[in-house]
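Same order as they appear, the protein sequences are chains A and B.
Under the working numbering, the first residue of the first sequence is numbered 2, with each subsequent residue one higher.
Under the working numbering, the first residue of the second sequence is numbered 913, with each subsequent residue one higher.
Wrong hints could be hidden among the right ones.
[What the hints assert, rightly or not] Straight line, CA to CA, 30 Å or less: simulated DSSO-like cross-link-like pairs of lysine-lysine:
| # | chain 1 | residue 1 | chain 2 | residue 2 |
| --- | --- | --- | --- | --- |
| 1 | B | Lys968 | A | Lys146 |
| 2 | A | Lys186 | A | Lys146 |
| 3 | B | Lys977 | B | Lys1037 |
| 4 | B | Lys1045 | B | Lys955 |
| 5 | B | Lys1107 | A | Lys103 |
| 6 | B | Lys1107 | A | Lys108 |
| 7 | A | Lys141 | B | Lys1045 |
| 8 | A | Lys43 | A | Lys103 |
| 9 | A | Lys56 | B | Lys1060 |
For the record, the hints were derived by calculation from the structure and aren't laboratory data.
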Amino acid sequence: MGEVEEVKLLMTGLSPFAGRIIWALKLKGVEFESVEEDLTNKSDLLLQSNPVRQKIPVLIHNGKPVSESLVIMEYIDEVWNQTCPLLPADPHQRALTRFWAKFVDEKAFASMWSALQMRGKEGGEAALEEAHENLRILEKELEGKQFFGGESIGLVDVTFGSFAKLLDVLDEVMGSDKKMIDEDKFPLMGKWKEQLSELAVVKSCLPPVDKLAAAVQARRNESAAA
Amino acid sequence: MASNNGDVKLIGAWASPYVMRPRIALNVKSVEYEFLQEQFGSKSELLLKSNPVHKKIPVLLHNGKPICESSIIVEYIDEVWSSGPSILPSDPYDRAVARFWAAYLDEKWFPNVRAAPMAATEEAKNAAVEQLKEGLALLEGAYGEISKGEDFFGGEKIGFLDIAFGSMLGWLRAVQVILGGVKLLDEEKTPDLCKWAGKFSADPAVKDVLPETEKLLEFSKILMAKMKPASSS
């Protein structure tokens, strides 16, 4: 009752995986401390907290570490279960929610990330087609719904949303003539992104445009120098 | 008795470790189900209709509604048949630990079980074997912490992580043979896991599901024949 909750999040500013945890914590109104990691020089805390994978994000709750973003989100939903449920109550709906969250990570994210990196390179067209195929599948999931979670934001929205926002900013910073999540091709997803942007939590989690621009520029310099 | 559970079908195949997971879970809950086995090398209409996104087994059909992805199915089974023995731990932190290790097994560890015997070069094979041994060393440590002196990761009875990991024991044993007797589960290096493996395999919910190593070895010959391109020389 009088116990002080200590919630730390080991993260980086650019990681969409960390981004989704920030969204989840903010949606639940949980106060937390962000600890930014330098992944080229991992802290002792990170190495101790996630010795197996040595990756961020890691949530440290009262000293106990939880790793893997989907695992962390379910943990957050179970512990802070009084507000904004990320998962529905019905077991079948829960199974579907988990299925789509996994799809976002394993198929959608992976293919979009590949497509981005292969832009203008050999195999780029095929990679983009695969990404679009996965986006088509997700577009279908939005039919008749405001959010993937239905009338309110849920696990899949948080899982995909932070990445989608980052993608939009990346497209802008890179000066792409076509967005990855193209609103003409994927109108429902376009509306969904708008809906997300209206939410207070999303407004307060703006992707770091300056950092992103710097990172993109650095990559360009590297490729030019090579 | 069975009618209270509704209509329960599982689309799968006897040799798939992912399919073994929901089978064990249904046994833990004493839920009778119809096991619809796919023919090796082809996918049934029912499978394609029930899992159009991935077209993969296992798929649980509960009163006609499909649930896909082995770990998701196991969680579903635990939630629906909540009056039976619990599969996931009750504490959120313990649940997170179990889920973490299940994800590790699926993403990092099990792919090497498949990769090792199929490796094109000796180097690749050794690398896969090293990864497997490292993983098992980690799991030996995890078992010590999580089981807290009890028989299983789940405590006195088998739980989520026992099922996630134990479902892979059949193939782990088969691969040890295929690789010429390499010791992956090792009485010296992973003594606790060796004991755990014996107890898990003998558990009533498991023993009719986990295939005999011999059967898997026979099956692996068919698998490998299918995967090897016809030689030209």
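A quick look at each hint next to the structure:
1. B:Lys968 x A:Lys146: 27 Å, holds
2. A:Lys186 x A:Lys146: This hinted pair holds, its Cα atoms lying about 18 Å apart.
3. B:Lys977 x B:Lys1037: This hinted pair is violated, its Cα atoms lying about 41 Å apart.
4. B:Lys1045 x B:Lys955: Violated. Lys1045 of chain B to Lys955 of chain B sits at ~34 Å, over the 30 Å cutoff.
5. B:Lys1107 x A:Lys103: 33 Å, violated
6. B:Lys1107 x A:Lys108: Not OK: Lys1107 of chain B and Lys108 of chain A at ~37 Å, beyond 30 Å, violated.
7. A:Lys141 x B:Lys1045: The given pair, whose Cα atoms are some 43 Å apart, is violated under the 30 Å limit.
8. A:Lys43 x A:Lys103: Status holds; Cα separation ~27 Å.
9. A:Lys56 x B:Lys1060: 27 Å, holds
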